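Order-wise, the sequence lines are chains A and B.
By the working numbering, the letter at position 601 of the first sequence is numbered 601, and the numbering carries on one by one without gaps.
Quick note: to get the working numbering, add 1000 to the position in the second sequence (first position is 1).
Hints were generated in silico from the structure; no laboratory data involved.
Source: prediction; values computed, not measured.
We put the CB at the ideal spot given by N, CA and C, even for glycine.
Fair warning: there could be bad hints in the mix.
Okay, the calculated bits of chain B under chain A, using three or more residues with CB under 8 Å as the criterion [what the hints assert, rightly or not]: (1) 1044-1055; (2) 1227-1241; (3) 1247-1258.
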Amino acid sequence: MPILPRLLRCILLLAALALLSACSDGPDIEGLKVYRHSLGGRPTSLDPVQSATVYANHLVVNLYDTLYAYKYLARPYQLKPNLAEAMPEVSADGLTYTIRIKKGVHFIDDPAFPGGKGRELTASDFVYSMKRHFDPKMRSQGSWLWAGRIQGMEAWKKAGADYDREVPGLQALDRYTIRIRLTRPFPQLVHTLAQGFSAIVPREAVEYYGREFSIHPVGSGPFRLQTFDAVRAVLVRNPKYRKEPIDLAYEGYDPKTQAKYGIEEIQGKVPPLVDRLEIHFIKESLSRWNSFTKGDEIQFATIPRELLDEVLLEKQPQVVLKPQYARRYFYLSGLENGFVHTDFNMKDPKIGYNPDPEREKRNHALRCAIRYAFDWNERNRTFYNDMGLVFPGIIPPVVPEYDPEAPRESIRHDPEKAKRLLKEAGWSATDLPELTYGGVASVTSRQMFEQFRAWLTRIGYPKEKILFDSYASFGDYNKAVKQAKIMIVGMGWGLDYPDAENTLQLFYGPNGSPGSNASNFDDPEYNRLYEKSSVMQPSPERTRIYRRMNRIVQDACVTISGLSRRYILLWHKKVVSFPDQSIVGGFHLKYVDVLPGRDGE
Amino acid sequence: MTRDRSSERTSLWAKAWYKFRRDRIGVVSLGVVALYFIVALGVWLGLWGQGWSQVDGPMWAPPGPDHWLGTNIIGQDIFERAIYSTKTAFEVGLVVAVLSTLLGGFFGALAGYFSNSWVDELILWLMGVLDAIPFYLFVAALAYALQGYPYAMHIAMIATFWTTTARLVRGEVIKLKNFEFVEAARAIGLPRRLIIFRHITPNTFHILLVQATIVFVGAIKSEVILSFLGLGVTDGVSWGLMIAESTQEVQAGHFSNFITASLFLFFLVMAFNMFADALQDALDPKKVAA
């Protein structure tokens, strides 16, 4: 018998076995507690200065430490110290923040450190991490949060961004004390210190890995990165992570609404509660759903829009799962921390500001007419499964300043009034301007446009004057928005922190393109009120100003707003979790536990 | 006693027409294509299909008297959209077929007449380069680069479809250029452009005609694929867009958009393919002469 074929067969057999073993969980995770999370997208960088997406943030806050975090279970959201020892000491004028950090916190072991041993994290690491945002070489995506607010930071940047030079407004007073001096009061500062952008990195690692640092995170968070690719990230427990037992009462546990998830199980345990955290990046919602329902491939998902009727027993007023799903999965539903709206580009003289005051008046009537033609209920039914909440203005229901009693005129669908407004302003089919509605070249964007066009044709707008301005990707679309090229801009906004200031800044004049103010609205009264309120601590007076600003935006007919979408999150019954995809975000992952004996079936 | 009357006809076209008429499948296919053409013409003239963009029905209404084939997610009439899409298909098919045939005929004739010269080399090199790029990748890249321009997709298709026509014409011209009528034209001192485009090219019309029908079908299919990918029709509706819309609807159990667009496309493509086959058979000099 020839030897070679036998040898070849053996090699092939071994190779096949090796491949098969790669498909299974493998011996390296046997006996470990594993939680398999999923996200609808993939982060491109794990460097905190680039953590602009919710996907990146989910990883960054688990790999690095932030000074502050959000309480796991408290709703409305509440801040708590994380790496900081306590909430900051704030001077009477609101300009100086003194923060003490915990002692004995170490970075993970990594070749970037001498001898490969992670050193202690100190106040100067925070100072260094914040300075990176203002180093032009870093191309930070989060510098806008603090731009112009920290004393001396702009001068430091202009002087060449030398990390060895001190910034007067950002200093490490000693190994464990940080002092931040602001140019003007910034009540939301602590919220910004709970974001992935403010995560603390060691200088040695940044210099050691150079550009590769974006995929070689070296932090002091609850987990350390094992592998990271286009499909998933695998994080393993950081054995050096500080031991802080969970106090459910402190975390805001509400037995009435949260006991059903079995959260008491984690009382007194020390996070992170799993040995291995897998985060799977699955863009296609149906694929994600299939992975979720077929076993333990992933243990957390959302319901694809197409399957809502199949999975849900009731959508309104409460979301209820059909029994066959409710037996197997926990679920949580709520309104998103943000909203969708459609803005008019005020820089466009055909519909916005115009040197001719008469034309500007007619443009105002035109915008208001378009707003009355817009049918929010229809849009909600068609694209948000009738589960979104339509509200007037730009203060969404999730923030404390939301006014449920606010007049709903700006979201009323009234085609007759729209026609009347056009007529009164002297508009006719022949002289109405050509409208361009921007969107991404996707089926949903096109259908939203076609629906919008149909509403306008009903008020007498000629169909051929309403055009779709499509862009190949969201990046291209966003670029065009930043360049104020689009006339009618459909946008969505996710709150960075639970304060209406974060949405009101969307209409603040100086934030116009390329800033976050996509409408380029620039109203002196609004700007004055924004400047006044943005330095105020929460108070009834500030709420009153916020609501006044909300009214100004509505009266100017500068936006068609808004709708907060409803999310539905599902997870396996053996997983103890209270997930959140927005404000708490990735912070919740260190509290997730897996109890194998608690399967839903 | 009957006689084969085809032998009485002398011209290629007359023989081909006679042969084509005897091909039942070909005639039926031509009838189907003509029907589609009438539908497209009616849309052009504003006789029907004008309500394709109206949102006047409920979401995902089933087929009924108000909406014969139901409605889509935003309440648009699927039948109206399918009818209007016929115009889109013919528009794309005709523009691409005519222009790529003209381009292919022109460059093919030049390359053929000047075979083995630098002109031939250059045209062959250009065709080789274009053919070496995977078709849909090239079309998608070009359509993507020209996005925002309403005829980006047309240009992309013309840029790739002309090469096959040019190769066929080149071969035919190489054969024709040594015929006596060409020698005679040269002998009386006719300029080259007249020899190529007045004397030789008309003898390649049978190839151009068949090729144009093939390109027509190819353009319609490509338009559907490109529109499905979001790179096609920028204004209006097409079967490709309808199928793209239906990907979400099918998951929710609504099949009308998908079935309607697919069937409209299927019958037109099938009919055109069979018509092109019949035309090819009719115009094949070997078969016509037989």
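Going down the list of hints, with the structure as the test:
1. 1044-1055: Coverage by chain A holds for the region 1044-1055 of chain B (3 residues, Cβ < 8 Å).
2. 1227-1241: holds (count 5)
3. 1247-1258: holds (count 5)
Violated hints for the displayed structure: none, as all numbered hints are satisfied.
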